[in-house]
Amino acid sequence: YGLKDFVGTHTIGHTRLSTESRVDLSHSQPFWAHGLLDMTIVHNGHITNYHKLRRQYEMRGVRFYTENDSEIIGISLRDRLSQGLSFDEALHASMVDFDGSFCYLAATADQLAFVKDPFGLKPLMVAETDEFVAIATEEQALCTVFKQKTQAREPGPKSIRTWRLPDSTGKQEAA
8 YGLKDFVGTH
18 TIGHTRLSTE
28 SRVDLSHSQP
38 FWAHGLLDMT
48 IVHNGHITNY
58 HKLRRQYEMR
68 GVRFYTENDS
78 EIIGISLRDR
88 LSQGLSFDEA
98 LHASMVDFDG
108 SFCYLAATAD
118 QLAFVKDPFG
128 LKPLMVAETD
138 EFVAIATEEQ
148 ALCTVFKQKT
158 QAREPGPKSI
168 RTWRLPDSTG
178 KQEAA
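Everything in the sequence shown is counted per my numbering, starting at 8 for the first residue and increasing by one.
Hints were generated in silico from the structure; no laboratory data involved. Just so we're clear, the structure is a prediction, and the values are computed from it rather than from any experiment. Check each hint, because a few of them may be wrong.
Quick list of simulated restraints, FRET-style, between CB atoms [as the list claims (entries may be wrong)]: (1) Val140 <-> Gln63: 31 to 37 Å; (2) Met66 <-> Arg160: 39 to 45 Å; (3) Arg62 <-> Met102: 19 to 25 Å.
In silico DSSO-like pairs for lysine-lysine, Cα to Cα no more than 27 Å straight-line [stated by the list, open to error]: (4) Lys59 <-> Lys129; (5) Lys11 <-> Lys59; (6) Lys165 <-> Lys59.
We treat Cβ as the ideally placed atom computed from N, Cα and C, and that holds for glycine.
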């Protein structure tokens, strides 16, 4: 995939099994949070109140680009941030706003976060050292990336974690 040619502090990606929306490039992840140039989302699961939330946002004039429930995550976070909430506060608000079984990653220019729903039904594994953070749905994916067995843990239900990422100088702030 030419990953060695990319330069940056972090990346997110997603291999998706479509269960409800079309299978085409416009429904592929990661999703861009329209209106927030520096936020991307990947999502596993189902937000069961997606249609209700979508109608509420559409009545406020928000434009949707897909029929995918993953898009509502970026729209909701953008909305919460525009109301003055911090990134972490917006993530916590999503735990209240969304129904269903889901986990998602959100990445901005300087932060990486995951949210795992109150039921904790969707798998999510986290491997973390002083040098890196890696998140996947299966431990095997982490071993494939790092070519070795890695110490991974599965966060419990209602888990939210945010990392402040290094800037271009490599300095990392506490989140």
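Here is what the structure says about each hint:
no., hint, result
1, Val140 <-> Gln63: 31 to 37 Å, "holds (33 Å)"
2, Met66 <-> Arg160: 39 to 45 Å, "holds (41 Å)"
3, Arg62 <-> Met102: 19 to 25 Å, "holds (21 Å)"
4, Lys59 <-> Lys129, "holds (22 Å)"
5, Lys11 <-> Lys59, "violated (42 Å)"
6, Lys165 <-> Lys59, "holds (22 Å)"
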